[in-house]
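Asker: Start from the sequences, fold in the hints, and give me the full structure.
Just so you know, we're using my numbering here: the first sequence kicks off at 1 and counts up by one.
Just to be clear, a hint being listed does not mean it is correct.
Within a straight-line C-alpha distance of at most 25 Å, the following computed DMTMM-like cross-link-like pairs (lysine to aspartate or glutamate) qualify [said to hold, decoys possible]:
id : residue 1 : residue 2
1  : Lys-27    : Glu-51
2  : Lys-27    : Asp-101
3  : Lys-27    : Asp-9
With beta-carbon atoms standing in for the labels, derived distance ranges [stated by the list, open to error]:
id : residue 1 : residue 2 : range
4  : Arg-33    : Glu-82    : 28 to 38 Å
5  : Arg-60    : Asp-86    : 17 to 27 Å
6  : Tyr-16    : Val-48    : 30 to 40 Å
7  : Val-93    : Glu-49    : 26 to 36 Å
8  : Glu-49    : Asp-73    : 14 to 24 Å
9  : Ser-2     : Glu-94    : 17 to 27 Å
10 : Asp-86    : Ser-2     : 33 to 43 Å
11 : Thr-104   : Glu-49    : 13 to 23 Å
12 : Arg-97    : Leu-13    : 30 to 40 Å
Keep in mind the hints are simulated off the structure, nothing from the lab.
Glycine is no exception: its CB is placed at the ideal position from the N, C-alpha and C atoms.
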Amino acid sequence: MSFNDDVYDLVRLIPYGRVTSYGAIAKYLVDNRASRRVGWALNNSFHVESEVPAHRVVNRNGMLSGAMHFPPDRPMAQLLKEEGVDVENGQVVEFNRVFWDPMTEL
DNA sequence: TTGTTGACGCTCA
DNA sequence: CTGAGCGCCAACA
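Answerer: If you want it as structure tokens, here you go:
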């Protein structure tokens, strides 16, 4: 399954304290329409043995739409804050500043 | 096999 | 500025 692996690899490349969006990943790998598959891939990342910093991936607005799918003992917002990313009300503060775009960074 | 669902994103009213 | 709706496509019942 190369798509999932590609997603995992790319997510692992996200620098500490930075975040990116599903759409950015999808566009970099295939095209914008694949964003839904990215979400599914990350969902799978939990049952995969390789660790994937899925908390660094949010939707295009910087909202933690996937927070509810994280383990209760490992809240998405908390993980981000521990990396220095401010999260407020389920949304990344100054998303534009911490946004990491694979298209331009790679 | 068919229908529904979803960690999205874009468009239109 | 909001909210509703639609398209995509793989997984699942």
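Asker: For each hint, tell me whether it holds in the structure or not.
Answerer: Hints, one by one, checked against the model:
no.: 1; hint: Lys-27 - Glu-51; verdict: holds, 23 Å
no.: 2; hint: Lys-27 - Asp-101; verdict: holds, 10 Å
no.: 3; hint: Lys-27 - Asp-9; verdict: holds, 15 Å
no.: 4; hint: Arg-33 - Glu-82: 28 to 38 Å; verdict: holds, 33 Å
no.: 5; hint: Arg-60 - Asp-86: 17 to 27 Å; verdict: holds, 18 Å
no.: 6; hint: Tyr-16 - Val-48: 30 to 40 Å; verdict: violated, 21 Å
no.: 7; hint: Val-93 - Glu-49: 26 to 36 Å; verdict: holds, 33 Å
no.: 8; hint: Glu-49 - Asp-73: 14 to 24 Å; verdict: holds, 19 Å
no.: 9; hint: Ser-2 - Glu-94: 17 to 27 Å; verdict: violated, 34 Å
no.: 10; hint: Asp-86 - Ser-2: 33 to 43 Å; verdict: holds, 35 Å
no.: 11; hint: Thr-104 - Glu-49: 13 to 23 Å; verdict: violated, 31 Å
no.: 12; hint: Arg-97 - Leu-13: 30 to 40 Å; verdict: violated, 19 Å
Comparing the model with each numbered hint stated earlier shows that hints 6, 9, 11 and 12 do not hold.
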